[in-house]
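Going line by line, the protein sequences match chains A and B.
First residue of the first sequence? That's 1 in UniProt numbering, and the numbers climb one at a time after it.
First residue of the second sequence? That's 1 in UniProt numbering, and the numbers climb one at a time after it.
Certain hints may be false.
With a Cα cut of at most 27 Å, we get these calculated DSSO-like pairs of lysine-lysine [said to hold, decoys possible]:
{"id": "1", "chain 1": "B", "residue 1": "K278", "chain 2": "A", "residue 2": "K53"}
{"id": "2", "chain 1": "A", "residue 1": "K237", "chain 2": "B", "residue 2": "K33"}
{"id": "3", "chain 1": "A", "residue 1": "K179", "chain 2": "A", "residue 2": "K240"}
{"id": "4", "chain 1": "A", "residue 1": "K142", "chain 2": "A", "residue 2": "K104"}
{"id": "5", "chain 1": "B", "residue 1": "K278", "chain 2": "B", "residue 2": "K112"}
{"id": "6", "chain 1": "A", "residue 1": "K179", "chain 2": "A", "residue 2": "K262"}
{"id": "7", "chain 1": "A", "residue 1": "K176", "chain 2": "A", "residue 2": "K289"}
{"id": "8", "chain 1": "B", "residue 1": "K112", "chain 2": "A", "residue 2": "K240"}
{"id": "9", "chain 1": "B", "residue 1": "K112", "chain 2": "A", "residue 2": "K237"}
{"id": "10", "chain 1": "A", "residue 1": "K84", "chain 2": "A", "residue 2": "K237"}
{"id": "11", "chain 1": "A", "residue 1": "K107", "chain 2": "A", "residue 2": "K186"}
{"id": "12", "chain 1": "A", "residue 1": "K175", "chain 2": "A", "residue 2": "K186"}
None of these hints come from the bench; they were simulated from the model.
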Amino acid sequence: MKKLAGLMMTAAMATGLMASGAQADNMRIALVVKALGIGFFEAANKGAQEAAKELGDVDIIYTGPTDTTAEGQIEVINSLIAQKVDAIAISANDTDALVPTLQKAMKRGITVISWDSAVAPEGRMAHLNPSSNELIGKMIIKLAADNLPDQTGEVAVLSATTTSTNQNIWIDEMKKAMKADYPNIKLEATVYGDDLADKSYREAQGLMQSYPDLDAIIAPTSVGIVAAAQAVVDAGKVGKVNVTGLGLPSEMAGAIESGASKSFAIWNPIDLGYSATMMAYHIAKGDVKPQPEAEIPIGRMGSVTLDETNSAAMADPFVYDKSNIEQFKTIF
Amino acid sequence: MSLLKSREAILGAAIVALLVLIATRFPAFVEPKNLLEVFNDTSPLIILALGQMVVILTRCIDLSVAANLALTGMVCAMLNVAWPGMPIGVIMVIALACGALMGAVNGLLVWKLDIPPIVVTLGTMTIYRGIIFLLSGGAWVNSHEMSRAFTGVPRTQILGLPLLGWIAIVVALIMAVVMSRTPMGRSFYATGNNPHAAVYTGIDVGRSQFLAFTISGTLAGLAGYLWISRYAVAYVDIAGGFELDVVAACVIGGASIAGGVGTVVGTILGALFLGVIKNALPVIDISPFWQMAISGAAILVAVTFNSRSGRARGRVILKSAEHAQ
Chain A
1 MKKLAGLMMT
11 AAMATGLMAS
21 GAQADNMRIA
31 LVVKALGIGF
41 FEAANKGAQE
51 AAKELGDVDI
61 IYTGPTDTTA
71 EGQIEVINSL
81 IAQKVDAIAI
91 SANDTDALVP
101 TLQKAMKRGI
111 TVISWDSAVA
121 PEGRMAHLNP
131 SSNELIGKMI
141 IKLAADNLPD
151 QTGEVAVLSA
161 TTTSTNQNIW
171 IDEMKKAMKA
181 DYPNIKLEAT
191 VYGDDLADKS
201 YREAQGLMQS
211 YPDLDAIIAP
221 TSVGIVAAAQ
231 AVVDAGKVGK
241 VNVTGLGLPS
251 EMAGAIESGA
261 SKSFAIWNPI
271 DLGYSATMMA
281 YHIAKGDVKP
291 QPEAEIPIGR
301 MGSVTLDETN
311 SAAMADPFVY
321 DKSNIEQFKT
331 IF
Chain B
1 MSLLKSREAI
11 LGAAIVALLV
21 LIATRFPAFV
31 EPKNLLEVFN
41 DTSPLIILAL
51 GQMVVILTRC
61 IDLSVAANLA
71 LTGMVCAMLN
81 VAWPGMPIGV
91 IMVIALACGA
101 LMGAVNGLLV
111 WKLDIPPIVV
121 TLGTMTIYRG
131 IIFLLSGGAW
141 VNSHEMSRAF
151 TGVPRTQILG
161 LPLLGWIAIV
171 VALIMAVVMS
181 RTPMGRSFYA
191 TGNNPHAAVY
201 TGIDVGRSQF
211 LAFTISGTLA
221 GLAGYLWISR
231 YAVAYVDIAG
241 GFELDVVAAC
251 VIGGASIAGG
261 VGTVVGTILG
271 ALFLGVIKNA
281 LPVIDISPFW
291 QMAISGAAIL
301 VAVTFNSRSG
311 RARGRVILKS
321 AEHAQ
């Protein structure tokens, strides 16, 4: 049905009915996520709604496929093109696969930006990273180091899959930061839990067996960090091995409570949804031209500057620990 | 029977050889305490594989076991969140019933509508995962939301082995008795060995396939609660792809995909073989890039051994003719 509607719409446009956007009405910004029902994106939607309220003349269409596939997102985008939304802000399931569809959207006068997970530069006007890879890499090792006496000890990394681009970049950045700032911390191993709870659990167990003096497990992935915390609790090593990395407060509340994790970080998805909406709004309005060095205001978050690939970084990852977990665990 | 026995002996020897090999790289792996831990970790796989074996015996296959496990686990977790006081015994009964229901749906479709089992269970696999999504709205149930008893019961140590491991042992004992000592158990073998002959002996082939799926579903439901409480987290993708491990355990254990052949002991050994590999790979310091290839190769080797030892030699009907050539 969606496809049929899309076809009819295209035909209507071809016969000259194409309008230059809905002027009198509110601006419609579609927040397209990797998949519906993921806490992180639900929280981003909250931020987008907040931005819409603040801006006044914006309606948010929160949508996405039911599973994290590029095909699903292409269908969603096609239907959004048919609905003639003003802007699409997308967290992409695939860097390249969405490009042709998004190009079609831009040809129809729709502002396209990506956020969280990027689309290749030719498929979007600008991209908003939640943080920069460098900031994340520095943050995850800092979280581990801050809980080590004299910043000395042994750590290991529990990642997602061997081919997870994000995680691999963050780990590389972390290694750079270690070389520069934490010469007394030894990275014993990098293992991969494939973002499966059971495999991650076994890998964490393996780390503790292979390196009896291990002080911290750094897991820059939300499935891994939860599984590692559970493995530490089950091995009776709470207080000896600190689990840290990137995770969601709702999922990590138990680990903070048990003491298996002293602190962890993640960007604040509410801020991210808020900023992406602000960015899409200002570009769609024509307030700023999306080009390198352009400074885009993002409301209460200040402003971001686009780099040579039209990407910008929002902020430092946000640290969660005993002091604020209660407040955030109900949010996302 | 002696052939099957020797097949299990080969697999047992392979596991011991594997353990020796691992011990040369990481001696602590073969300490009794760790071996118990490996057994405990493999328990869900053993439980699922025993159910799967019954299905495979009847010339069917159940690809929905992991999805069944995940859905039952999510139901248990959500019940626990809604009524934290609900006794774990009640939750386990609900898990068994929930799993049995899903297994029965598979069985009915195969029995009454005569749809090929691989198609039925591929479909229900997706449906069950979809239902988890509908139930949970895609949200996780996390460890701090679960009650202490919910996550604690499978961890209760009895004689040094957690309850999880004991449950696998009890399931194995029950299945061993059912498969070898009850008419139902024997009818599974008859159904798979020769469905036509089975019909003539008064066995309803469709009905025994239905029962096989129900057993597989029930065990998947049980494993669902155990899995969720062990990892203390429930979400849509839990145990994703695990159905393949389950089928692999059966095949390594000597079950024939063509039906009719398979034993409880063999299946348990098959599951343990996989369990040892899964638990050893993280500690023997092999590049993660190699790990997948290694575990795949190990499966192939095991299956090759099995099929070679299980190949029926042609029966010599006319002794005189053989020598005449």
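Each hint tested on the structure:
1. K278/B <-> K53/A: violated, 51 Å
2. K237/A <-> K33/B: holds, 16 Å
3. K179/A <-> K240/A: The given pair, whose Cα atoms are some 24 Å apart, holds under the 27 Å limit.
4. K142/A <-> K104/A: violated, 43 Å
5. K278/B <-> K112/B: violated, 39 Å
6. K179/A <-> K262/A: holds, 24 Å
7. K176/A <-> K289/A: Status violated; Cα separation ~34 Å.
8. K112/B <-> K240/A: Roughly 58 Å between the alpha carbons, so the hint for K112/B and K240/A is violated.
9. K112/B <-> K237/A: violated, 53 Å
10. K84/A <-> K237/A: Violated, at about 56 Å.
11. K107/A <-> K186/A: Cα-Cα ~52 Å, so violated.
12. K175/A <-> K186/A: Between K175/A and K186/A the Cα gap is close to 10 Å, so the pair holds against 27 Å.
Going down the numbered hints, you'll see the structure goes against 1, 4, 5, 7, 8, 9, 10 and 11, while the others check out.
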